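Chemist: Now for the letters of each chain:
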Amino acid sequence: MSSTASARPVNRTSPARWFDLSPTLLRTALPFVSLALMLAAIGWLNPRAISYMGFNLMLSLAIPVALATIAQMFVITVNELDLSAGFFISFIASVSVTMLHDTPLLGIAVIAGAVFVYAAIGALIHLRNLPSIVVTLGMAFVWQGLALMVLPQPGGKAPAWLQSFMAVHVPFVPFPIVAAAAIALVVHLALMKTSYGAVLRGIGGNQAAVARAGWSILHAKVLAFTLAGVFGVLSALTLVGLSTAGDANIGAGYTLLAIAGVILGGGEFMGGRVSAMGAVAGALTLTLASASLLSFMHIPTDWQTGANGVILIVVLALRAMIERRPK
Amino acid sequence: MNALRMNAFVRTLPARPWIWSFIGAAIVFLASLLITGGAGAGGIVVAALSLASFAVVVGMGQMFVMSLGPGNVDLSLPANIGLASAIAMKVMNGSDSMIAAGIVAALASGMLIGLINYGLIRTLRIPPIIATLSTSFIVQSIDISYGRGLQVKPPPGFAGFTDLRLLGLPVFVLVIIVASIIAAIVLGRTIFGRSVLAIGQNMRAAWLAGIKVQRIRAVTYVLCSALGGLSGALLAAYFRGSSTDIGNEYLLMSIAVVVIGGTSVAGGRANLPGLWGAALFLVLLQVMLNTFGADASVRLVTTGFVIIAVITAAGGRVAER
Numbered sequence: 000m001s002s003t004a005s006a007r008p009v010n011r012t013s014p015a016r017w018f019d020l021s022p023t024l025l026r027t028a029l030p031f032v033s034l035a036l037m038l039a040a041i042g043w044l045n046p047r048a049i050s051y052m053g054f055n056l057m058l059s060l061a062i063p064v065a066l067a068t069i070a071q072m073f074v075i076t077v078n079e080l081d082l083s084a085g086f087f088i089s090f091i092a093s094v095s096v097t098m099l100h101d102t103p104l105l106g107i108a109v110i111a112g113a114v115f116v117y118a119a120i121g122a123l124i125h126l127r128n129l130p131s132i133v134v135t136l137g138m139a140f141v142w143q144g145l146a147l148m149v150l151p152q153p154g155g156k157a158p159a160w161l162q163s164f165m166a167v168h169v170p171f172v173p174f175p176i177v178a179a180a181a182i183a184l185v186v187h188l189a190l191m192k193t194s195y196g197a198v199l200r201g202i203g204g205n206q207a208a209v210a211r212a213g214w215s216i217l218h219a220k221v222l223a224f225t226l227a228g229v230f231g232v233l234s235a236l237t238l239v240g241l242s243t244a245g246d247a248n249i250g251a252g253y254t255l256l257a258i259a260g261v262i263l264g265g266g267e268f269m270g271g272r273v274s275a276m277g278a279v280a281g282a283l284t285l286t287l288a289s290a291s292l293l294s295f296m297h298i299p300t301d302w303q304t305g306a307n308g309v310i311l312i313v314v315l316a317l318r319a320m321i322e323r324r325p326k
Numbered sequence: 000m001n002a003l004r005m006n007a008f009v010r011t012l013p014a015r016p017w018i019w020s021f022i023g024a025a026i027v028f029l030a031s032l033l034i035t036g037g038a039g040a041g042g043i044v045v046a047a048l049s050l051a052s053f054a055v056v057v058g059m060g061q062m063f064v065m066s067l068g069p070g071n072v073d074l075s076l077p078a079n080i081g082l083a084s085a086i087a088m089k090v091m092n093g094s095d096s097m098i099a100a101g102i103v104a105a106l107a108s109g110m111l112i113g114l115i116n117y118g119l120i121r122t123l124r125i126p127p128i129i130a131t132l133s134t135s136f137i138v139q140s141i142d143i144s145y146g147r148g149l150q151v152k153p154p155p156g157f158a159g160f161t162d163l164r165l166l167g168l169p170v171f172v173l174v175i176i177v178a179s180i181i182a183a184i185v186l187g188r189t190i191f192g193r194s195v196l197a198i199g200q201n202m203r204a205a206w207l208a209g210i211k212v213q214r215i216r217a218v219t220y221v222l223c224s225a226l227g228g229l230s231g232a233l234l235a236a237y238f239r240g241s242s243t244d245i246g247n248e249y250l251l252m253s254i255a256v257v258v259i260g261g262t263s264v265a266g267g268r269a270n271l272p273g274l275w276g277a278a279l280f281l282v283l284l285q286v287m288l289n290t291f292g293a294d295a296s297v298r299l300v301t302t303g304f305v306i307i308a309v310i311t312a313a314g315g316r317v318a319e320r
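Just so you know, the protein sequences line up as chains Y and C, in that order. Counting from 0, one number per residue, gives the positions in the first sequence under numbering that gives the first Met the number 0. Counting from 0, one number per residue, gives the positions in the second sequence under numbering that gives the first Met the number 0.
Please note that a few of the clues may not be correct.
A few chain C residues facing chain Y, derived, Cβ under 7 Å [unchecked claim]: (1) Arg124; (2) Phe136; (3) Ser140; (4) Ile143; (5) Ser144; (6) Ala217; (7) Val218; (8) Ile307; (9) Thr311.
None of these hints come from the bench; they were simulated from the model. Since the model is a prediction, treat every value here as computed from it, not as a measurement. In this text, a Cβ means the ideal position worked out from N, Cα and C, and glycines have one as well.
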């Protein structure tokens, strides 16, 4: 198939047009183009939303979503999938509004222990060669149950320092944008510019090759799951910082939302092909679509998740068009 | 000869993961009998069989899909079940004469969702997880918008059907047992079933062998969603009404019964009896913890640990390629 394609004269359409750009570039740009289009649509519907205050309001909830997306992205990088992420976030959120508020040291210990469990799950999956979907499925039940134990009824109180952190106002640029850019940049550099980032992505591409090059797959998988745990914790903390109270089901929707964010951002389940910047852009797009865009279009909130589904399908359809474009 | 074969069968038993789910179910059942001193054994059996049979219906669909190979999983089942329960109740509108129409409508809604799932997988060339996830988001919204606050009770005939007993067992459970036997035959003895397994083992090899891979995959996704639609209608009858979150627990549950039942997550190997074992095991576990007086949180944590313990004990995926 490829031989016939390359035999064909490549440059039949001489004037350069936008779709003559390389598919890789288009693919990489797609999440950011989607986000820009989303913002343009919102600005068109309600010009006042594109303001310092508007962004603060529209994007604040995007921070926990972006962090959860990054958490899921680390797991997807090493070709695994985490179905427990949302309930883990619920558990950490429940701990944050109870123990972390009442007895900070105990709260910190419990949260550290939970991250350790995440690392151990990564080790278990690798050592016993288990399907991550099933193990994390089991953990989903566990975290859900633990969250209910810690916080049987919605309530509790987020620690004051968390609330004030999430209420920070940065001059000129809205805080959520600063936070999202910082998260994206830090994770991007870690994944793309460090040797361990390359090892993680390499495992997604070819685990055997990485092992033969002398790297420990066990360490790398544990690292990926630990990072997923840490970012899950950050997601939960920012979430309760915003909501000020907790609920044992507060993060339930985040598992699937985060997977959607990773994929929207240009990531793939196999091959270690992920993009931190794209994932954050994907998370922002999903948040804007499900909350702001709908309300400005006067569509009932019933359609919040539906909007995410539509965005996902549209972006993936565009990506399919880019990749299937005759070369 | 026969004895030899029997012997060989018994010797391979420990290697069959589904056996453990039945043993587990039996142990849990006996344990709960010990606690209650044998009282209410019949009630436990009936309740466990009823709840397990719902998990089996959904699990059968999920099992066929997961047998198609790694990455094949239907995440749209909970939303599908919720929407079908609402559609069935609305079409039946409490009238016995509309029961059949309601069930057909629930099946049709499920099959449409299956077609959309497969259409997305095919046209966008995206992993099934993402395709069914996108569908799930949209269906969930349709369900919330259409079915929220729906107060229609199932027709007395349909609700009564879930209470109907034959030899002490609910008739719908017997129907589902028969259906699962048929599904086992379809899986093991028909061209369709063998094709599903062949695709799960190696899609390219299956295609080279002349199997109409895409057609089989399409049928499998539609079949799975149709079963989801059917269980939506049944659940609405059993719980005396539809609700948007009636199917929520079946996302994790359907995957759990399939995996604990001995179906390979890597695809190409499926096991129907195991579905019943796993479903009974998980349901009886809940019942036992209930009789212990454990609350929902303890039941969830225990279920989670059991799933992890079973998959760890049953061993990982064998490198088969």
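Chemist: Each hint needs a verdict: does it hold in this structure or not?
Modeler: Cross-check of the supplied hints:
no.: 1; hint: Arg124; in the structure: holds (6 Å)
no.: 2; hint: Phe136; in the structure: holds (3 Å)
no.: 3; hint: Ser140; in the structure: holds (3 Å)
no.: 4; hint: Ile143; in the structure: holds (4 Å)
no.: 5; hint: Ser144; in the structure: holds (4 Å)
no.: 6; hint: Ala217; in the structure: violated (18 Å)
no.: 7; hint: Val218; in the structure: violated (23 Å)
no.: 8; hint: Ile307; in the structure: holds (4 Å)
no.: 9; hint: Thr311; in the structure: holds (6 Å)
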